[in-house]
Amino acid sequence: MARLAAFWHRQEGGAAVEFAILTPVYLLMLAGMLAYGLYFGAAHSLQQLAADAARVSIAGLDKAERSRLVRAYLENNAGAYMLLDQQHLSFSIGESASDASQYRVILRYDAETLPIWNLYPPLPLPSRVMTTGATIRNGGL
1 MARLAAFWHR QEGGAAVEFA ILTPVYLLML AGMLAYGLYF GAAHSLQQLA
51 ADAARVSIAG LDKAERSRLV RAYLENNAGA YMLLDQQHLS FSIGESASDA
101 SQYRVILRYD AETLPIWNLY PPLPLPSRVM TTGATIRNGG L
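Numbering (the UniProt record's numbering), first residue to last: 1 to 141.
In short, the hints are calculated from the structure, not lab data.
Yeah, the Cβ is synthetic: ideal placement off N, Cα and C, and Gly gets one too.
There could be a bad hint or two in this list.
[Unchecked claim] Estimated spans, in silico, between C-beta atoms of each pair:
#1 E18 x E75: 47 to 57 Å
#2 W117 x E18: 48 to 58 Å
#3 L125 x G79: 19 to 29 Å
#4 F19 x R71: 49 to 59 Å
#5 T113 x E65: 43 to 53 Å
#6 S90 x I21: 40 to 50 Å
#7 N76 x G32: 46 to 56 Å
#8 L38 x A15: 31 to 41 Å
Produce the entire structure from the sequences given, and follow the hints as far as they go.
Written out as structure tokens, the structure reads:
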């Protein structure tokens, strides 16, 4: 009985027990930072692409030219933005429904190709479809 009481009061190995308890929490936090960092990077690239495409529309003189310029910009440059794959991008462009003097670019990106979805299964992850938009005042005459 004295040996059992002595066993419960020993201090050796405490660090190993703490390490065993805290390591899964640490790994979950590390995987979460990595996954959300990649996701936020892709979301930022998508927002930047929408803003750049909206700025391109300023050069158009009429609605048809604006749409042609923006469509060409998106098709030619979407792959150059970090973490974006042009094949998974869809867009809706045109004048704003509420104000015809505003041009609106709405982008939808299927983030299925991001390497975060199987990173750590218990990790709560955001939606696989990102949607963002940008609105700018019409240029031209």
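Against the structure, the hints come out as follows:
Between E18 and E75 the CB atoms are about 55 Å apart, so this pair conforms to the stated range of 47 to 57 Å. Separated by about 32 Å at the C-beta atoms, W117 and E18 break the suggested range of 48 to 58 Å. Distance hint check for L125 and G79: the Cβ-Cβ separation is about 24 Å, which falls inside the suggested range of 19 to 29 Å. F19 and R71 have their C-beta atoms about 56 Å apart, which keeps the hinted 49 to 59 Å range intact.
Between T113 and E65 the beta carbons are some 33 Å apart, a value that contradicts the proposed interval 43 to 53 Å. In this structure, S90 and I21 meet the distance hint of 40 to 50 Å, their C-beta atoms being roughly 46 Å apart. About 35 Å separates the C-beta atoms of N76 and G32, a value inconsistent with the hinted range of 46 to 56 Å. One distance hint, 31 to 41 Å for the beta-carbon pair L38 and A15, holds here, with the actual separation near 33 Å.
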